[in-house]
Amino acid sequence: MSQIFYRQAVRDALREEMRRDERVFLLGLDIGRFGGTYKATQGLWEEFGDERVRDTPLSEAAIAGAAVGAALTGMRPVAEIMYMDFITIALDQIANQAAKLRYMSGGQARIPVVFRTQEGAGRSSAAQHAQSLEAWVAHIPGLKVALPATPYDVKGLLKTAIRDDAPVVFIEHKLLYGVKGEVPDEEYLIPFGHARVCRQGTDLTIVALSRMVWKALEAAEVLAAEGIQVEVIDPRTVVPLDLATILASVRKTGRLLITHEAYTGFGVGAEIASQVVEQAWQTLRKPPRRVCGRNVPIPFAPVMENYVIPQVSDLVEAAKELMR
Amino acid sequence: MSVTPQSSPAALAALPRNLLERLYRTMVRIRLFEQKALELFLAGELPGFLHSCLGQEAVAAGVCAALREDDYITSTHRGHGHVLAKGLAMDRMMAELYGKTTGYCKGKGGSMHIADFSCGVLGANGIVAAGLPIATGAALSAQMRRSGQVVAAFFGDGATSQGAFHEAVNLAAVWKLPVVYVCENNHYAVSTPLERQMRIASVSERAAAYGIPGITVDGNDVVAVYQAAGDLIERARRGEGPALLECRTYRWLGHYVGDPATYRPPEELAWWKSRDPLLIFERRLLQEADFSEQELALVRREASDELEAAVDFARRSPAPRPEDALEDVWP
Ligand SMILES: Cc1ncc(C[n+]2csc(CCOP(=O)(O)OP(=O)(O)O)c2C)c(N)n1
Ligand SMILES: [Mg+2]
Numbered sequence: 000m001s002q003i004f005y006r007q008a009v010r011d012a013l014r015e016e017m018r019r020d021e022r023v024f025l026l027g028l029d030i031g032r033f034g035g036t037y038k039a040t041q042g043l044w045e046e047f048g049d050e051r052v053r054d055t056p057l058s059e060a061a062i063a064g065a066a067v068g069a070a071l072t073g074m075r076p077v078a079e080i081m082y083m084d085f086i087t088i089a090l091d092q093i094a095n096q097a098a099k100l101r102y103m104s105g106g107q108a109r110i111p112v113v114f115r116t117q118e119g120a121g122r123s124s125a126a127q128h129a130q131s132l133e134a135w136v137a138h139i140p141g142l143k144v145a146l147p148a149t150p151y152d153v154k155g156l157l158k159t160a161i162r163d164d165a166p167v168v169f170i171e172h173k174l175l176y177g178v179k180g181e182v183p184d185e186e187y188l189i190p191f192g193h194a195r196v197c198r199q200g201t202d203l204t205i206v207a208l209s210r211m212v213w214k215a216l217e218a219a220e221v222l223a224a225e226g227i228q229v230e231v232i233d234p235r236t237v238v239p240l241d242l243a244t245i246l247a248s249v250r251k252t253g254r255l256l257i258t259h260e261a262y263t264g265f266g267v268g269a270e271i272a273s274q275v276v277e278q279a280w281q282t283l284r285k286p287p288r289r290v291c292g293r294n295v296p297i298p299f300a301p302v303m304e305n306y307v308i309p310q311v312s313d314l315v316e317a318a319k320e321l322m323r
Numbered sequence: 000m001s002v003t004p005q006s007s008p009a010a011l012a013a014l015p016r017n018l019l020e021r022l023y024r025t026m027v028r029i030r031l032f033e034q035k036a037l038e039l040f041l042a043g044e045l046p047g048f049l050h051s052c053l054g055q056e057a058v059a060a061g062v063c064a065a066l067r068e069d070d071y072i073t074s075t076h077r078g079h080g081h082v083l084a085k086g087l088a089m090d091r092m093m094a095e096l097y098g099k100t101t102g103y104c105k106g107k108g109g110s111m112h113i114a115d116f117s118c119g120v121l122g123a124n125g126i127v128a129a130g131l132p133i134a135t136g137a138a139l140s141a142q143m144r145r146s147g148q149v150v151a152a153f154f155g156d157g158a159t160s161q162g163a164f165h166e167a168v169n170l171a172a173v174w175k176l177p178v179v180y181v182c183e184n185n186h187y188a189v190s191t192p193l194e195r196q197m198r199i200a201s202v203s204e205r206a207a208a209y210g211i212p213g214i215t216v217d218g219n220d221v222v223a224v225y226q227a228a229g230d231l232i233e234r235a236r237r238g239e240g241p242a243l244l245e246c247r248t249y250r251w252l253g254h255y256v257g258d259p260a261t262y263r264p265p266e267e268l269a270w271w272k273s274r275d276p277l278l279i280f281e282r283r284l285l286q287e288a289d290f291s292e293q294e295l296a297l298v299r300r301e302a303s304d305e306l307e308a309a310v311d312f313a314r315r316s317p318a319p320r321p322e323d324a325l326e327d328v329w330p
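Quick note, the sequences are listed as chains A and B, same order. Under numbering that gives the first Met the number 0, the residue at position 91 of the first sequence is numbered 90, and the numbers go up by one with no gaps. Under numbering that gives the first Met the number 0, the residue at position 51 of the second sequence is numbered 50, and the numbers go up by one with no gaps.
Simulated from the structure, these hints should not be mistaken for lab results. Treat the hints with care, since some could be wrong.
As the list claims (entries may be wrong) - Stretch by stretch, here's where chain A covers chain B in the computed footprint (C-beta under 8 Å, at least three residues): (1) 55-61; (2) 103-114; (3) 162-171; (4) 186-195.
A virtual CB, placed ideally from N, CA and C, is assigned to each residue, including glycine.
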């Protein structure tokens, strides 16, 4: 076991897969010499050179599309979209091409492409550099979507993503790159569709995505001091979604709180709540509750930004209401 | 653009006989297939909508004849000609137009999405210009695998106003990728004529912005298309980078079958019809090469037999079960 940063776990996963399989290569903005905006690819250009760590012009549609074309013809590209907000420009290639080429061709195509990106607020990046847009891609059949919250998960899930023959949108969180965690020294993979029970509890289930996992764990500590035992579940991938683990927890606790930074409206939380209600409404003692991003663009000033993104205190308060 | 084809009689006569026959056969196959598809569509046998490439046959035939079998193409909503020219069979194409399980895409793609990866057809596309970034990526893959393959990306004049066009061509130029961008300039994007799409006289001028060769040819002269495409494809194969080839042509029908195309002056259509790429080539094969009328008639008969069998195959093929819709999403 070693203690490493989340950003190092990203890089280690990329490095291991690039060493293992020469078809794996990277393309994106400033990922080479510069090492990526969040330094997640630092050191890879030095090892693999211009050919396999490819800096591109500022062309998100071409980055994504070139990755799709390369994936269709025998390569296993990892394309980086610097901020998830910029995925708009690449979305045709991701949502209309990568997601559908297999289906439209009657199952002929294999599209082993990973679109790596990062999302999340908390750095006063304002409305175009801080959104959490996983719902956009999770909505499209044909795309897998991962949102790792820990160094351990980011490494194991990214390696799985690269080996998957389906397109994967791999969403890191910009405020997690500096988080440290234990990662085994030996190789491991984490299968998609397996949630992690981050903390066990009997009173209330919190399903949390990405950075909210950490806030949920903090809230659980606070609540434990008040005698409320919270179970925290991180789905880790929202497509495929490990509903079974969530249902098992809800059947035990009877209370469900869902939290993500993404806008509340039409978000992944709504989907999870709906699936739980459809399958286990009899076991619910209270209606499911969402504590998610407010339905406004992300503001710049820290006081406003903190207000629109769920905080530990919001989770604590909502949990107490559910317990009443 | 003049009424006479661009290439000289000597240029035609210098081409190998089997190549000339192949060009002719391809154009005939496309012409007959499109005429039949039109007829079947109007008879209500084909679901969806249909973008006909009647009148544009020489572009697909000329470019694809200059490609190797293992080269790739990307195509468009008006793509039947491209994929036939790349070597797809009429029967599985027709079955796809009928939405049958025996179609290239098992009835999941239809006219706008015909693909056969084993033939290097990376897919027609319903999104204008979306094939260009994909072609660019296939060229990147060919370059990285050192496979010697080249990619031809087909698209229309309208596609050159898309961001994806500019991003893709620029990226290929920067990385010197083995791809030839083939613009079928049929002078309209739906109802919008060229002069309301761009301020330049020809699409090939756009190449200068990316530092790559840009060439305009008579797209109704299959010999001129073949030669220009061949030069650019071999140049790309030698590692000298991408190019933009503009083929000037015209679609005989409206944007889709059913579009009365009232936005076009009738004289314009008449002029282009007088330059029917297939008739021009047929005449030249008789006059400038030593083909006989019987030989050409045989080619036409063989194509028409293939077509008849294809329609029969498509009609007799099983329809998918509704729940087949649930398959082929995930690998
Ligand atoms: C991105 C996108 N915008 C609009 C359309 C609708 N559309 C389909 S074909 C077409 C015109 C394309 O013109 P051009 O590229 O010249 O090809 P042509 O139809 O002339 O062969 C339009 C606007 C589309 N399919 N995709
Ligand atoms: Mg056009």
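Hint-by-hint comparison with the structure:
As drawn, the region 55-61 of chain B meets chain A at 0 residues by the rule of a beta-carbon pair under 8 Å; below three, the given contact is violated. Under a criterion of three residues with beta carbons nearer than 8 Å to beta carbons of chain A, the stated coverage of the region 103-114 of chain B is upheld, 8 such residues being counted. Coverage of the region 162-171 of chain B by chain A holds in this model, with 6 residues showing a Cβ closer than 8 Å to a Cβ of that chain against a need of three. Against chain A, the region 186-195 of chain B contributes 0 residues with a C-beta closer than 8 Å to a partner C-beta. That does not satisfy the three-residue criterion, and the hint is violated.
Figure legend: structure checked against the earlier numbered hints; hints not met, in rising order: 1 and 4.
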